[in-house]
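Residues per chain are reported as follows:
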Amino acid sequence: MRAALPLAPSPMLFGLSYGVLAHATGFGSAAAIVMSATTFAGAAQFAVASVFDAGGTVTAAILAAVFLNARYVAISMTVASIFPGGRARRLLESQAIVDESWALSGRRGRFEWPILVGSGLVFYVLWVSSTALGTVIGGVLDDPNALGLDAAFAALFLALAFPYLRNRRGLQAAALAAVITLVLIPYAPAGVPIVAASAACLLGLRR
Amino acid sequence: MRDAWLVVAVVGVATIACKAAGPVLVGRRELPPRLQACVELLAPVMLTALVITQTFGGDEEIEVDARVVGVGAAVVAIALRTPIIVAMAIAALATALVRLAV
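Residue numbers (numbering that gives the first Met the number 0), protein chains in the order written: chain A, 0 to 206; chain B, 0 to 101.
Simulated from the structure, these hints should not be mistaken for laboratory data. Among the hints, a few may not be true.
Here are some, though not all, of the chain B residues that point toward chain A, as calculated from beta-carbon distances under 7 Å [unchecked claim]: (1) THR14; (2) LYS18; (3) PRO22; (4) ALA36; (5) CYS37; (6) MET45; (7) LEU49; (8) GLN53; (9) GLY56; (10) VAL70; (11) GLY71; (12) LEU79; (13) VAL85; (14) ALA86; (15) MET87.
The beta-carbon is built from N, C-alpha and C at its ideal position, and this holds for glycine as well.
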């Protein structure tokens, strides 16, 4: 758990801003807090809020979030062998997997279960509580977009994408996704361009 | 409002399943390499699409407004390896300033 402390401010601030955004988009405070407690994956939750904000459909919001979280299938495979105990226990503890706890747990060159689950638990408590606080603050703010909150979320998605863009495949797939999205924005309802862009991952089929 | 709860339920169950896939199905064979490569590309692809819609998305049209300045500033900040939260603050500040000025 101690390993998580230097990183503690970021889930708190993300949780706060997620709460504010969810409130502003009419997603509902209770839904935002429950989603933080059950989904516990920042990028997907922001994606849902972003699609809602743009007036997209429920289906588009769900697909965007699920496609985004499909990366956890790959991530959880990398740490599959470090979880002790029976299936029920592994199911429960696997929920501590988030990008940050996963990255922390592998920092010594091999994945360590105590760091993964301990830091995941710390991030979980911070994430849920700061989401709740954010929805309260969101109720006080008139127009979060006047503060540039919309651009801040674009910056968040960009920063999260950045590490993937260092290799050529990631960069090519991202470029294709950008083109698909730009082409579809004028023609398709909000949210649909994001879902359609997922087709760019098929570049992975090439050898 | 009911829409939001539907999203919470479906995405919640799907995410729990994705995270549990490795640890619970451990011992079974891994994903085929090509499928694995596609799954790994999903994150950058979806994030990029979100950057684009969040920056240029309008009411079924491409809008170029103050957000572009904010995101441009964030690109510089991220390239300089500032913490994510700082890049977000810079993007918000730059966008708010342009909106104030125009």
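Verification of the supplied hints:
1. About 5 Å separates the beta-carbon of THR14 (chain B) from the nearest beta-carbon of chain A, less than 7 Å, and the hint is met.
2. A least Cβ separation of about 5 Å between LYS18 (chain B) and chain A falls short of the 7 Å threshold, and the interface hint therefore holds.
3. A least Cβ separation of about 4 Å between PRO22 (chain B) and chain A falls short of the 7 Å threshold, and the interface hint therefore holds.
4. For ALA36 (chain B), the shortest C-beta to C-beta distance to chain A is roughly 3 Å, which falls under 7 Å, so the interface hint holds.
5. A hinted interface residue such as CYS37 (chain B) counts as satisfied when its beta carbon comes closer than 7 Å to some beta carbon of chain A; here the least separation is about 4 Å, so the hint holds.
6. With a least beta-carbon distance of about 5 Å to chain A, the hint placing MET45 (chain B) at the interface is held under the 7 Å criterion.
7. Restraint check, LEU49 (chain B) versus chain A: the minimum CB separation of about 4 Å is within 7 Å; hint holds.
8. For the restraint placing GLN53 (chain B) at the interface with chain A, the shortest Cβ-Cβ distance is roughly 4 Å, inside the 7 Å limit, so the hint holds.
9. For GLY56 (chain B), the interface hint holds, since its Cβ comes within 7 Å of a Cβ in chain A; the closest pair sits about 6 Å apart.
10. With a least beta-carbon distance of about 5 Å to chain A, the hint placing VAL70 (chain B) at the interface is held under the 7 Å criterion.
11. Taking 7 Å as the C-beta cut-off, the interface hint given for GLY71 (chain B) is violated, the closest approach to chain A being about 9 Å.
12. The criterion of a C-beta within 7 Å of any C-beta in chain A is not met by LEU79 (chain B), whose closest approach is roughly 12 Å, and the hint is violated.
13. With a least beta-carbon distance of about 10 Å to chain A, the hint placing VAL85 (chain B) at the interface is violated under the 7 Å criterion.
14. The closest approach between the C-beta of ALA86 (chain B) and any C-beta of chain A is roughly 5 Å, which is under the 7 Å cut-off, so the hint is satisfied.
15. With its C-beta approaching chain A no nearer than about 4 Å, MET87 (chain B) sits inside the 7 Å limit, and its interface hint holds.
Against the hints set out earlier in the document, violations occur for numbers 11, 12 and 13.
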